[in-house]
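Q: Take a look at the letters that make up each chain.
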Amino acid sequence: MAERKIAKLEVKRDLCIGATPCVVAASTALELDGENKAVYKLKDGSKSSGPVDKSQLEDATLTDDVLLVSAQSCPVKAIFLYDEQGQQIYPE
Amino acid sequence: MGETRYLIIGGGISGTTAADTIRQQDAGGEITIVSGEPYRLYSRIMISKPHYFLGKVPPEQIWLKKEAWYTDKNIKLIAGKTAVKLEPNAKTVTLNDDTVLPYDKLLLAVGICARRWSAPGADKKGIHYVRTLEDFQGYQPASKTAKQGVVIGGGAIGFEMCELMRLAGLDTTLVIREPHYWDPVLDQTSGRLIEAALERGGVKIIRGQYVTEAYGGDSVEGLVLQDGRRLPCQMVSVGIGGFCPLDWLKDSGLKVNRGVVANEYLEASLPDIWTAGDAAEYFDPIYEEQLQFGSWSNAQNQGKVAGSNMAGQKQPYRLVTFYAVSGLGVSIAFIGNVNPPAPDSGKQVVSRGSFELNNHGRYIIKGSRIVGATLINRTVDVGPLTKLIEQRVDVSGKLQELADPKIDLKTLLPA
Numbered sequence: 001m002a003e004r005k006i007a008k009l010e011v012k013r014d015l016c017i018g019a020t021p022c023v024v025a026a027s028t029a030l031e032l033d034g035e036n037k038a039v040y041k042l043k044d045g046s047k048s049s050g051p052v053d054k055s056q057l058e059d060a061t062l063t064d065d066v067l068l069v070s071a072q073s074c075p076v077k078a079i080f081l082y083d084e085q086g087q088q089i090y091p092e
Numbered sequence: 001m002g003e004t005r006y007l008i009i010g011g012g013i014s015g016t017t018a019a020d021t022i023r024q025q026d027a028g029g030e031i032t033i034v035s036g037e038p039y040r041l042y043s044r045i046m047i048s049k050p051h052y053f054l055g056k057v058p059p060e061q062i063w064l065k066k067e068a069w070y071t072d073k074n075i076k077l078i079a080g081k082t083a084v085k086l087e088p089n090a091k092t093v094t095l096n097d098d099t100v101l102p103y104d105k106l107l108l109a110v111g112i113c114a115r116r117w118s119a120p121g122a123d124k125k126g127i128h129y130v131r132t133l134e135d136f137q138g139y140q141p142a143s144k145t146a147k148q149g150v151v152i153g154g155g156a157i158g159f160e161m162c163e164l165m166r167l168a169g170l171d172t173t174l175v176i177r178e179p180h181y182w183d184p185v186l187d188q189t190s191g192r193l194i195e196a197a198l199e200r201g202g203v204k205i206i207r208g209q210y211v212t213e214a215y216g217g218d219s220v221e222g223l224v225l226q227d228g229r230r231l232p233c234q235m236v237s238v239g240i241g242g243f244c245p246l247d248w249l250k251d252s253g254l255k256v257n258r259g260v261v262a263n264e265y266l267e268a269s270l271p272d273i274w275t276a277g278d279a280a281e282y283f284d285p286i287y288e289e290q291l292q293f294g295s296w297s298n299a300q301n302q303g304k305v306a307g308s309n310m311a312g313q314k315q316p317y318r319l320v321t322f323y324a325v326s327g328l329g330v331s332i333a334f335i336g337n338v339n340p341p342a343p344d345s346g347k348q349v350v351s352r353g354s355f356e357l358n359n360h361g362r363y364i365i366k367g368s369r370i371v372g373a374t375l376i377n378r379t380v381d382v383g384p385l386t387k388l389i390e391q392r393v394d395v396s397g398k399l400q401e402l403a404d405p406k407i408d409l410k411t412l413l414p415a
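Going line by line, the protein sequences match chains A and B. In terms of this note's numbering, the first sequence has 3 at position 3, counting the first letter as 1, and numbering is strictly consecutive. In terms of this note's numbering, the second sequence has 351 at position 351, counting the first letter as 1, and numbering is strictly consecutive.
Calculated from the structure, these hints are not laboratory results. Note that the structure is a prediction, hence the values are computed from the model and not measured. A virtual CB, placed ideally from N, CA and C, is assigned to each residue, including glycine. A hint or two may mislead.
[What the hints assert, rightly or not] Here chain A is said to cover these stretches of chain B; the calculated rule only asks that three of the stretch's residues, wherever they fall, bring their Cβ under 8 Å from a Cβ of chain A:
| id | region |
| --- | --- |
| 1 | 48 to 61 |
| 2 | 184 to 196 |
| 3 | 378 to 386 |
[Unchecked claim] Pairs of lysine-lysine, BS3-like flavour, derived with a Cα cap of 25 Å:
| id | chain 1 | residue 1 | chain 2 | residue 2 |
| --- | --- | --- | --- | --- |
| 4 | B | LYS250 | A | LYS37 |
| 5 | B | LYS387 | A | LYS41 |
| 6 | A | LYS47 | A | LYS12 |
| 7 | A | LYS47 | B | LYS406 |
| 8 | A | LYS41 | B | LYS85 |
| 9 | A | LYS47 | A | LYS37 |
| 10 | B | LYS387 | A | LYS43 |
| 11 | B | LYS56 | A | LYS37 |
| 12 | A | LYS37 | A | LYS54 |
| 13 | B | LYS250 | B | LYS85 |
| 14 | A | LYS12 | A | LYS37 |
| 15 | A | LYS47 | B | LYS410 |
| 16 | A | LYS5 | B | LYS147 |
| 17 | B | LYS65 | A | LYS8 |
| 18 | A | LYS12 | B | LYS65 |
| 19 | B | LYS147 | B | LYS73 |
| 20 | A | LYS8 | A | LYS54 |
| 21 | B | LYS66 | B | LYS91 |
| 22 | A | LYS43 | B | LYS73 |
[As the list claims (entries may be wrong)] Going by beta-carbon spacing under 10 Å, a handful of chain B positions derived as facing chain A:
| id | residue |
| --- | --- |
| 23 | ILE13 |
| 24 | LYS66 |
| 25 | GLY253 |
| 26 | LEU254 |
| 27 | PRO316 |
| 28 | VAL325 |
| 29 | SER326 |
| 30 | LEU328 |
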């Protein structure tokens with residue numbers, strides 16, 4: 001993709017319905033928490049819907065493509081991606 | 001030899017994901033999608049979610065692909081047309097405008113349609129279904145003027161529509177013909193937990209009743225129940241299940257049951273035909289049964305596998321299916337094969353939680369392993385359960401732990 005690099009990721013918890021395609025698309029990045037909301041898995045062992053810095057993700061090998069596909073797979077567009085300037089990359 | 005002609009019947013998430021996957025693997029093939037609805041891909045999920053219903057997200061967020069996506073990917077979309085005939089020997093599909101489309105490889109991703117309620121007056125204005133964007137464009141504005149609403153049917157749609165009607169300020173009554181919510185997929189305790197949440201949310205529930213008639217002029221003014229009770233209402237939402245639109249295949253020789261019958265590679269019974277999504281009745285290698293699932297995640301991932309296989313791969317479809325719905329303070333999740341076990345199936349059900357604890361899990365065991373679960377307010381079990389099912393973990397000696405709500409299911413996973 002994109003010339004614009006992903007710097008921050010966020011699951012909007014009020015939108016997330018726990019449908020899980022994001023988890024299927026990027027299982028090392030995301031899982032569902034006890035409230036059935038998607039959370040990013042962070043390298044300090046914590047989980048958060050964010051916003052989180054991409055550099056905080058537990059799996060350092062995740063590419064922007066995988067993270068974008070994961071966000072795009074959400075049927076309610078609950079995953080927001082931002083670039084280094086804080087500009088929203090997705091949803092477009 | 002010319003380029004491969006891929007024809008996809010169905011423009012929903014399954015068909016569109018298949019088209020995208022094929023394009024990633026075959027840059028030159030001709031890809032055509034035929035969609036029965038006159039639009040590009042949209043989120044069917046959003047139409048029954050509060051944020052979209054209440055207009056809290058911009059209406060254009062419903063679109064999951066831009067129009068340019070199809071041209072950029074060189075995918076031809078024929079929208080607003082339906083397939084009426086399959087000739088597998090000639091390898092053609094005929095559309096309702098008599099267009100004949102030849103194919104080399106065909107995908108049937110026709111989805112599921114809302115089952116129509118048939119009773120006197122069922123065609124009156126104000127009686128709505130919840131499946132398509134067109135349906136939404138009917139019930140969303142209707143909810144702004146109606147004062148009293150009735151929801152018919154105790155499943156996912158019924159649950160969501162109860163919440164939406166309450167959010168719209170309607171005096172809301174739910175009519176189910178079963179003795180408890182989502183019977184027989186859920187047991188009584190699970191059903192009662194959902195009912196309690198609905199009642200706390202202000203929904204009146206009438207159990208064990210059919211609606212025999214809708215009365216009024218052109219527009220519905222009320223419903224009559226089996227016992228003669230009359231429920232005045234200006235809006236009705238019907239969620240009584242669905243059917244796959246497969247009539248057009250009946251003379252084709254293709255094996256069709258409730259869905260299109262397929263193997264684990266999503267190959268249908270005739271050469272060069274695949275199926276995916278809600279309409280696929282495929283052999284599932286995890287559960288070792290012929291199954292059909294209706295969920296977004298399932299449709300999307302089957303589209304991916306079918307698309308790949310059409311482009312020349314040979315992958316089985318293998319995913320622990322998950323479906324969740326939540327609202328009014330309750331979460332309902334189905335994992336794996338939750339079909340109610342038949343008495344002779346050799347399956348058993350172990351439960352944990354209770355009505356008093358406000359959570360209830362049911363774990364369906366086949367032989368020595370879990371094949372499915374229904375969870376009310378027990379989302380915490382989703383992660384470990386998915387692994388227990390996928391890894392076919394032997395739980396035969398651990399049924400007591402499974403029944404004990406104090407024991408974390410993670411401890412049942414192999415170290």
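Q: Hints first: check each against the structure and report whether it holds.
A: Hint-by-hint comparison with the structure:
1. Interface restraint, the region 48 to 61 of chain B with chain A: holds (5 residues with C-beta to C-beta distance below 8 Å; minimum three).
2. Closer than 8 Å: that is the beta-carbon criterion, and the region 184 to 196 of chain B has 0 residues meeting it against chain A, so the requirement of 3 is violated.
3. Coverage of the region 378 to 386 of chain B by chain A holds in this model, with 4 residues showing a Cβ closer than 8 Å to a Cβ of that chain against a need of three.
4. At roughly 42 Å between alpha-carbon atoms, LYS250(B) and LYS37(A) are farther apart than 25 Å, so this suggested pair is violated.
5. Restraint check for LYS387(B) and LYS41(A): the C-alpha separation of about 17 Å stays at or below 25 Å, so the hint holds.
6. Between LYS47(A) and LYS12(A), the direct Cα distance comes to roughly 14 Å. Compliance with the 25 Å bound is thereby established for this hinted pair.
7. Restraint check for LYS47(A) and LYS406(B): satisfied, since their Cα atoms lie roughly 23 Å apart, inside the 25 Å limit.
8. For the given pair, LYS41(A) sits about 49 Å from LYS85(B) by alpha-carbon distance, which is inconsistent with the 25 Å threshold.
9. Under the criterion of a C-alpha separation no larger than 25 Å, the hint pairing LYS47(A) with LYS37(A) is consistent with the structure, at around 11 Å.
10. For the hint linking LYS387(B) to LYS43(A), the alpha-carbon distance of about 22 Å falls within 25 Å, and the restraint holds.
11. For the suggested pair LYS56(B) and LYS37(A), the alpha carbons sit about 19 Å apart, so the restraint of at most 25 Å is met.
12. At most 25 Å may separate the alpha-carbon atoms for a hinted pair to count; LYS37(A) and LYS54(A) meet this at roughly 19 Å.
13. In summary, the hint linking LYS250(B) to LYS85(B) is supported, as the alpha carbons are separated by about 9 Å, within the 25 Å threshold.
14. With a CA separation close to 9 Å, the supplied pair LYS12(A) and LYS37(A) stays within the 25 Å bound.
15. Restraint check for LYS47(A) and LYS410(B): satisfied, since their Cα atoms lie roughly 17 Å apart, inside the 25 Å limit.
16. For the hint linking LYS5(A) to LYS147(B), the alpha-carbon distance of about 50 Å lies beyond 25 Å, and the restraint is violated.
17. A threshold of 25 Å between alpha carbons decides the hint, and for LYS65(B) with LYS8(A) the separation of about 23 Å falls inside it, so the pair holds.
18. Straight-line distance between C-alpha atoms of LYS12(A) and LYS65(B) comes to about 21 Å, which keeps the hinted pair within the 25 Å bound.
19. About 47 Å separates the Cα atoms of LYS147(B) and LYS73(B), which puts this hinted pair outside 25 Å; it is violated.
20. With a C-alpha separation of about 5 Å, the suggested pair LYS8(A) and LYS54(A) falls inside the 25 Å cut-off, and the hint holds.
21. Pair hint LYS66(B) plus LYS91(B) does not hold up; C-alpha atoms about 31 Å apart against a cutoff of 25 Å.
22. Proposed proximity of LYS43(A) and LYS73(B) is contradicted: the alpha carbons are some 37 Å apart, above 25 Å.
23. Look at ILE13(B): its Cβ gets to within about 7 Å of chain A, closer than 10 Å, so that hint holds up.
24. Of the supplied interface hints, the one on LYS66(B) holds, with its beta-carbon coming within about 8 Å of a beta-carbon of chain A, less than 10 Å.
25. Evaluation of the GLY253(B) hint against chain A yields a violated restraint, the C-beta minimum of about 34 Å exceeding 10 Å.
26. Given hint, LEU254(B) at the interface with chain A, is violated; its Cβ is 29 Å from that chain's nearest Cβ, farther than 10 Å.
27. Restraint check, PRO316(B) versus chain A: the minimum CB separation of about 16 Å is more than 10 Å; hint violated.
28. Contact between VAL325(B) and chain A, as hinted, is supported at the beta carbon level, the nearest pair being about 8 Å apart and thus within 10 Å.
29. Because the closest C-beta pair between SER326(B) and chain A is about 6 Å apart, less than 10 Å, the hint holds.
30. Proximity of LEU328(B) to chain A is violated relative to the hint, the smallest CB-CB distance being about 14 Å (cut-off 10 Å).
Going through the hint list in order, the structure does not satisfy hints 2, 4, 8, 16, 19, 21, 22, 25, 26, 27 and 30.
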